[in-house]
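Modelling step: build the complete structure from the supplied sequences, incorporating the hints.
Protein chains: 2
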Amino acid sequence: MKIVVDCMGTDYGPKEIVLGAVDAVKKYGCEVVLVGEEKTLTDLVKQYGYASNEKVTIKNATQVIEMHEHPALAFRQKKDASIVVASKMLKAGEVDALVSSGSTGAAVASALFGVGRIKGVDKPVIALPMPSVKGHVALLDAGGVVDAKPENFVQAAIMGSIYADKILKLHNPKVGLLNIGEEETKGNEQAKAAHALLKNEKNINFIGNIEGRDINHDVADVVVCDGFVGNVVLKFGEGLAKAIFQLIKESIEKAGFLAKIGAYLMKPALAGLKKHVDPNEAGGCLLLGIKAPFVICHGNSKAKAITNAIGTTIEFVKEDVVNIIQEKIAESNKGNEE
Amino acid sequence: MKIVVDCMGTDYGPKEIVLGAVDAVKKYGCEVVLVGEEKTLTDLVKQYGYASNEKVTIKNATQVIEMHEHPALAFRQKKDASIVVASKMLKAGEVDALVSSGSTGAAVASALFGVGRIKGVDKPVIALPMPSVKGHVALLDAGGVVDAKPENFVQAAIMGSIYADKILKLHNPKVGLLNIGEEETKGNEQAKAAHALLKNEKNINFIGNIEGRDINHDVADVVVCDGFVGNVVLKFGEGLAKAIFQLIKESIEKAGFLAKIGAYLMKPALAGLKKHVDPNEAGGCLLLGIKAPFVICHGNSKAKAITNAIGTTIEFVKEDVVNIIQEKIAESNKGNEE
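Chains as they are written, first to last, in this note's numbering: chain B, 1 to 338; chain G, 1 to 338.
Errors might be hidden in some of the hints.
One copy or two, either will do: identical chains are not told apart, so a pair holds if it fits within one copy or between any two.
[To be verified] The calculated lysine to aspartate or glutamate pairs, modelled on EDC-like cross-linking and capped at a C-alpha distance of 20 Å, are: (1) Lys267 x Glu250; (2) Lys134 x Glu253; (3) Lys199 x Asp278; (4) Lys260 x Asp278; (5) Lys235 x Glu183; (6) Lys192 x Asp165.
Derived from the structure by calculation, the hints contain no laboratory data.
These figures come from a predicted structure and were not determined experimentally.
The following block contains the structure:
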């Protein structure tokens with residue numbers, strides 16, 4: 001299996017990406033194509049003890065799409081941007097999948113215009129594995145489609161169910177619509193219209209509305225919402241977890257010697273929890289509804305995050321998620337026409 | 001100062017409400033009027049060592065609006081519901097303020113139809129004090145207005161700034177629009193339109209867009225958003241904090257003896273943090289834009305939450321928040337007409 005990795009445009013520079021990719025080759029035995037500034041990447045690969053060989057190849061790209069640029073515009077103008085070059089390789093079938101940790105907007109634009117949507121999919125959505133009390137739940141859309149139409153919620157639910165089943169291994173996953181009350185009459189106009197469609201969709205296991213407090217408590221396996229709401233939830237969750245751990249740390253620092261001893265003794269017990277909520281462990285977000293496996297990582301991904309994302313990407317390919325989505329979406333669209 | 005307290009329709013029954021109200025009388029020296037089923041309330045007041053006297057009076061109300069009822073409909077049909085009776089007393093000027101912990105929908109309907117909006121206010125909003133790293137920030141709207149118009153964001157920002165200044169004591173508060181990117185071109189149609197109006201509003205200190213991750217980190221003192229998003233954020237925050245503390249507890253239980261000792265030693269250091277994030281400490285949400293002080297508590301409020309909410313209500317009255325809102329909204333509306 002060959003995976004193309006966009007190495008440019010991330011917060012920590014190509015260093016972490018290259019290290020993560022090289023580690024993935026060692027761990028999973030896959031092949032990677034690193035895209036970006038050739039000299040930099042060659043030096044980094046050497047530094048990490050790999051000569052450019054059949055497992056690790058480098059593809060030169062002289063431009064980068066930065067976080068602040070208009071994604072669609074930049075995609076058209078920067079023909080030699082790393083994400084554009086990587087997308088073209090995916091489209092041409094030279095690789096099996098793509099991993100990016102640059103600008104999310106640029107990645108989505110490159111997926112849409114460079115690779116293309118699966119037939120029958122209106123808008124691709126971003127599926128996020130969110131830590132829950134028992135394991136992980138799928139949150140989508142985490143920022144792909146804002147001002148989503150009710151139909152987009154249904155497609156997100158179908159694609160999210162396949163993601164939960166095949167990648168998170170949550171079989172016959174329960175789908176909940178994120179809303180502000182349990183009753184189907186609750187919510188904004190968008191949520192009420194989405195509820196009406198979800199209720200009648202045969203390709204999902206819809207359990208009705210869920211509320212914000214249910215997200216991390218495994219009430220649903222797939223949490224469906226508008227991309228605006230999902231993106232706020234994703235970032236608020238990161239910020240709140242950080243705030244809580246920061247406040248715990250400050251409380252201990254302010255407290256006496258005994259509390260510090262206590263914290264020291266507790267540390268090993270909390271290592272597993274820290275790992276469970278660490279976004280670097282989660283393995284990236286899947287962009288669902290695109291004709292080939294496309295994975296988006298956080299802009300601040302460390303090497304471990306890239307290695308894990310490549311692990312998820314391998315599952316994405318092996319489980320044939322793209323073809324299953326195509327079948328299920330076709331089935332759903334056919335059902336709606338009848 | 002006399003405060004009417006709706007004692008019915010809460011998760012734990014009138015017991016916690018009456019206890020909280022009686023404690024507030026002892027703590028703040030205010031007067032309370034308890035509204036609800038007379039016999040029950042009389043017995044509870046006696047049980048807590050108070051005869052019905054000039055400080056604690058009881059007003060009979062034979063009906064209750066339940067959580068699942070349609071708020072506006074129930075307000076019209078249940079003339080003797082406790083929240084309806086309490087609202088009428090507030091409207092008539094028999095009391096200075098109202099505290100409710102029943103159905104939020106019923107409270108908002110009673111405020112709107114029973115008390116009325118401040119002249120020039122389009123929709124009342126719910127202001128929530130959200131724990132942050134340094135103290136508290138104001139989040140609004142926490143569920144009052146869904147499908148908010150851009151003008152509602154501006155009024156929420158003005159009212160929220162007064163709330164932050166007078167109640168949270170955050171002077172010249174920074175107002176941030178909750179969005180999915182920092183640039184003003186980011187977001188859904190609603191957020192983009194709101195941004196354009198907020199930028200030109202003279203009665204607030206607008207700092208631009210903020211993201212979900214900024215909410216608890218004091219980037220803004222007033223976080224403005226649609227009521228749907230605010231309600232999701234409020235409940236997700238509660239659920240996530242609960243999940244984190246539950247996972248910490250489970251990790252310690254699973255771990256060995258040393259970790260348990262560690263947790264025991266750390267407990268006193270974390271007491272302050274626990275208090276800081278406890279919704280019972282926060283003192284309720286203010287319903288802003290109503291002609292008289294109106295405070296809404298969580299349906300699962302314990303006695304302490306009610307006592308604290310009455311404390312906030314006293315500030316609400318003393319700081320003359322209602323009149324300041326009326327002046328500032330008139331000023332803003334006049335500015336828009338010119």
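Checked hints:
no. : hint            : verdict
1   : Lys267 x Glu250 : both (15 Å within a copy, 14 Å between copies)
2   : Lys134 x Glu253 : between (31 Å within a copy, 15 Å between copies)
3   : Lys199 x Asp278 : neither (34 Å within a copy, 36 Å between copies)
4   : Lys260 x Asp278 : neither (23 Å within a copy, 23 Å between copies)
5   : Lys235 x Glu183 : between (27 Å within a copy, 16 Å between copies)
6   : Lys192 x Asp165 : neither (26 Å within a copy, 36 Å between copies)
The structure is inconsistent with the numbered hints 3, 4 and 6, although it conforms to all the rest.
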